[in-house]
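What follows is each chain in one-letter form.
Protein chains: 4
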Amino acid sequence: MIRAKIIGAGGYGGVGMTELLLGHPEAEIACLVDVADIGKPISDIYLHLRGHCDMPIIDPSDPVAAEPVDVVFLATPDGVGMKLAGNILESGAKVIDYSGDFRFNSRESYAEYARRIGRPVDHVSPDLLPTSVYGLAELHRDDITQDRRLVGNPGCFAVSCILGLAPAVEQALLEPGTMICDCKTGVSGAGKKPAAAFHYPARYQTMNAYRLSGHQHVCEIERELGLLCNAETKITFTAQVVPVCRGIMSTLYGKLTKDLTEDRLFELYCNRYADDAFVKVSRSDVAASSSDVRGTNCCSLVVSVDPRTNIMRVVSYIDNLVKGQAGNALQNMNLLFGLPETMGLDRPGQYP
Amino acid sequence: MIRAKIIGAGGYGGVGMTELLLGHPEAEIACLVDVADIGKPISDIYLHLRGHCDMPIIDPSDPVAAEPVDVVFLATPDGVGMKLAGNILESGAKVIDYSGDFRFNSRESYAEYARRIGRPVDHVSPDLLPTSVYGLAELHRDDITQDRRLVGNPGCFAVSCILGLAPAVEQALLEPGTMICDCKTGVSGAGKKPAAAFHYPARYQTMNAYRLSGHQHVCEIERELGLLCNAETKITFTAQVVPVCRGIMSTLYGKLTKDLTEDRLFELYCNRYADDAFVKVSRSDVAASSSDVRGTNCCSLVVSVDPRTNIMRVVSYIDNLVKGQAGNALQNMNLLFGLPETMGLDRPGQYP
Amino acid sequence: MIRAKIIGAGGYGGVGMTELLLGHPEAEIACLVDVADIGKPISDIYLHLRGHCDMPIIDPSDPVAAEPVDVVFLATPDGVGMKLAGNILESGAKVIDYSGDFRFNSRESYAEYARRIGRPVDHVSPDLLPTSVYGLAELHRDDITQDRRLVGNPGCFAVSCILGLAPAVEQALLEPGTMICDCKTGVSGAGKKPAAAFHYPARYQTMNAYRLSGHQHVCEIERELGLLCNAETKITFTAQVVPVCRGIMSTLYGKLTKDLTEDRLFELYCNRYADDAFVKVSRSDVAASSSDVRGTNCCSLVVSVDPRTNIMRVVSYIDNLVKGQAGNALQNMNLLFGLPETMGLDRPGQYP
Amino acid sequence: MIRAKIIGAGGYGGVGMTELLLGHPEAEIACLVDVADIGKPISDIYLHLRGHCDMPIIDPSDPVAAEPVDVVFLATPDGVGMKLAGNILESGAKVIDYSGDFRFNSRESYAEYARRIGRPVDHVSPDLLPTSVYGLAELHRDDITQDRRLVGNPGCFAVSCILGLAPAVEQALLEPGTMICDCKTGVSGAGKKPAAAFHYPARYQTMNAYRLSGHQHVCEIERELGLLCNAETKITFTAQVVPVCRGIMSTLYGKLTKDLTEDRLFELYCNRYADDAFVKVSRSDVAASSSDVRGTNCCSLVVSVDPRTNIMRVVSYIDNLVKGQAGNALQNMNLLFGLPETMGLDRPGQYP
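Just so you know, the protein sequences line up as chains A, B, C and D, in that order. Reading the first sequence from the start, the letters are residues 1 to 352 in my numbering. Reading the second sequence from the start, the letters are residues 1 to 352 in my numbering. Reading the third sequence from the start, the letters are residues 1 to 352 in my numbering. Reading the fourth sequence from the start, the letters are residues 1 to 352 in my numbering.
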């Protein structure tokens, strides 16, 4: 059994990982670490876990937290993973970090990201950066191997945009500078901490755009798309919140460099993702929605072309807490340990 | 492997059973039967099943529907099961019926139920009634055995009320005629068919009481409670809908026959359900809610006493589509086939 | 024009009053006072007020706040009004307080209330208590007159319960000790301040009972009902939150002292409220709901009798922020100034 | 008093007009016409109107429906207004039609619209088309005058897109062919009729794009924008539904023809709408949302420029049932009768 430790166990990202590990046949939870609610059983905070996982939350300094494990999930905000990863790796465990700390593999690319999001530009563990891989299996499966020890799990918006645009970009189908990512997220993406904008009465019927001046996931999207087309790539990105709990719907646009039918585009996307169990491609006449992927690790892509303007439009649906976070992290764990990629992730969601 | 057929596969009750069977290690779906959408893969109707179950919906007259199976789930409305059960039982399969058709085991008790809900009072298969068992394992586990072949799965409100009141009633703690069941249900309880009262704009912020003149689940609640206290029992029951999709919160009241502390009541309820994996009992200082049981087969009971009025109050939470329907039906299947009662039902829900 | 000052202008109770005063033909807002967001236009905090009311929020110590006005709305929590009311009254203004501070008119009755809700039992302005009136016009219209200068605006749950039970209680129709108030409220009742239980992801599909050990509105309900029947009265009260923003649905039960038909009960309630513009009484076959009263000062009562148990059941719907708070306060203002009771309150809500 | 008749009074568009007319000081409802629920008081169907408007719904053939009125609101689907308008105009009344029937003022332009949306291309009253005006006052105020007798009220998406793009287009700021309208609507836009996609359980947490092959409002948007820049104009348009009841959020993109700061763009938009009471322009640092305009006739525009890609982005918020329908129609009525444009429309919404 793979023994897993979750740091940041009390947040939505942590509890999502706990839920998934409870259903994984080859992994088990070693301990749950956080800096609040120390000593409380996790099932006192999340009552749905009663009887399934009643472990207490322990402090990072707790001796139990120091016992050797095989993998550590860092369900922590930017700036934490870069401080902890070194010691964890030395202890022999592998690290999967949820934040932006290890999504970039050079000092310079990290600095650019940090600058954009207003954080200190110096990474505290720069030597680890080249050993890290961007944990999106659909693009980097061959690099997420048993030899690998450090994974930067992608941002939720990034997963939806990159998967939705990659096939077109790598085929050079889109004119540079025309890509627009119009993204709508559910509220759980903002985490567990109460805030005025996510107070039920303020949110229950409210949709709005936010951070119009720039979102932290833009960097990694541009980097990944740029790698695919071998050119510097810029996107226009709009983050929006709508009153759902889980789900991202990213509507992705780009001017086509040549005429292309929806059928041809569909075929091209199907081929690209033929070996990706978690990506489902549909034509525009399929009534896809965010609910189809809720609670699952799937990404549902609906491809279309507006023949009047020759603009490609891909609608990309994911569950921000699963394929956009814990589920994708578990997919990475499977790859890091040589397990089938879908292990523990192959059940359907619940509807309605 | 137990081969299961679902009749009424296209409704919420059917799809809930499909989801559960896909995760059950000892059962498999033989075929999906319904009278609409014939020939369509179930995954065209419920896109979240794509890749998990792509079987077509078949007509009851389809030869495939006639192939022998081990169990048939009748996810059908009142009046259907009583017509179909005889032939199914003759074919050797067991039957678990979702409707009220087999919740009563005499011609007379069925007639009373039918009268109250305005249906024909004559059961079309009256000879089967004595062979049926009321499928609530927490009360009738010893009767839901491998010898049994026909189960009437309880109504969703009934599950929440009976489990919440049974321990008090069987200890004769409540004065006759004082029991009140104030029940609030999510909208999915009304099924898949669109209706004016469940149209999103009419419902998204609407709560209301309905069927104030009488609800179809009252009969079985009174019958079950009456059996426990050996006396004719009447309840006052209010059905209400609130804008959630899944979940029932039943607040249950009764005048205590003697002084009782919350602690003593808690102990009594804990003892009563000590061997019931799906029932969780809490004191009134626990922040329980409908979300704790969402997507699971659990019933969460919060017990309290108002010392000023000496009225007992139990708040009972279930997921109406799981413990209130498909999950409870699967629990019954496990018992009918000698499997562990929790098989395929022991995973936690997802939060948030 | 009546010049009105709102203290606590930044909360939901304050903004509701601002909205109403903007539409009142005989009143105008003099100033908006609060202790946070000083100097900001109220329309920067509540963008829907842009162009309608762009006054800045001012500090209580601001000279403008000291300018004479005709009425002060204290949209403040328990303990504030009792400190401020004396000076305001001396300045010549009338006071309408939202909190429990002036709902009781003796030192003793206040102390009992304070004890139950865990506050200091000594009122800081006990001499004002006898001058205060409980501001529920439907019961105390004759006492809310131009001579009156101090009003304790009732609690939201209390409005719904008292209006729903008063006609039966004053006719001695209910057996003592059998009254149960099963109350469900929308989330806005908890105010503007973010909290874990009202964070959108924690609430969007969550219903739960809370404060099972006792709610602060019970005291005033029991006092008012006691006055109506001339006897000490106790109720069993359950507070519950459901995922709506606005609205209270209180389902009220009581054992009838004699047989009574729904028709007779309906007639009795209609007669009782014949002169109350804001109370609407329906039989149980009317499809009433919380949405009918959303955004309005109405209370909708649906009366019924369960003939099997002889228990009366009244479902009482209000908008907790209007009839349960600001609207009712404006109704009181109208009475205090000799204006038609419905002035500024007679528009329908919006649907859907 | 202006006497107004509403045809299609039972739908959301009709009831919205009834609500508004009840608060209009110079207009009154003459009669409510529909083809269903004949004879029922409108307040039996919409209980929030009880005591405010208890008129019965009458059949089009009812003699009362033939009594002369000053204005008729045709809250009816495509194809109805073109049949009725002729007779109404002959009777002396003015006509404001909600559908696409009179949004185009030539046989040819109507035919193109009809072709795109799959309706018969021949208008049944082609002679009326040249007398009609597109009822968007912010663009055509000078043509919506007391001389005018026929108005085609715009589509809800169209209002949000045209108001959001017009200032940029008329200044030739955008490169042809680069405009993208990414539109999200609340569910009430689909009307009152229950449908599978708008059934609460199917919708409560579901967001999706729909009609990817083309939406009926595209024609009028392209026509209006084309008129502003004197060139044939094509847009790429995506319709999406999110789980809110009321509200449209349209995110509008276009490649700038020259460098432009957000400040300059803000100034330009402010100037353009300086005389438009219902349009509010904000910079991107304002926390605007759909809730700011809920229940009101306002359009809130947030302007920004992505300096990295030189793409303009305007987020346009309206209430689809008010500025997107009944409110805008009333604004048109005011203009047709020489009344102040904001009469009956100048109250703030309610929050939260």
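Please keep in mind that the hints were generated in silico from the structure rather than gathered at the bench. Possibly wrong hints are sitting among the right ones.
Chain copies aren't distinguished; within one or between two, either way the pair holds.
Listed below are the simulated DSSO-like cross-link pairs for lysine-lysine, each with C-alpha atoms no more than 27 Å apart in a straight line [stated by the list, open to error]:
hint : residue 1 : residue 2
1    : K83       : K193
2    : K255      : K83
3    : K192      : K83
4    : K83       : K40
For each hint, the structure was consulted:
1. Within a single copy, K83 and K193 get their C-alpha atoms as close as 23 Å, which meets the 27 Å cut-off; across copies the closest is 34 Å, which misses it.
2. Taking identical chains as interchangeable, the C-alpha atoms of K255 and K83 are never at most 27 Å apart, the minima being 42 Å within one chain and 42 Å between chains.
3. With identical chains, the CA atoms of K192 and K83 are at most 27 Å apart within one copy only, with a shortest distance of 23 Å there and 37 Å across copies.
4. When the C-alpha separation of K83 and K40 is checked against a cutoff of 27 Å, the pair qualifies only within one copy, where the shortest distance is 25 Å, while the shortest distance between copies is 40 Å.
Hint violations for this structure: number 2 only, all remaining hints satisfied.
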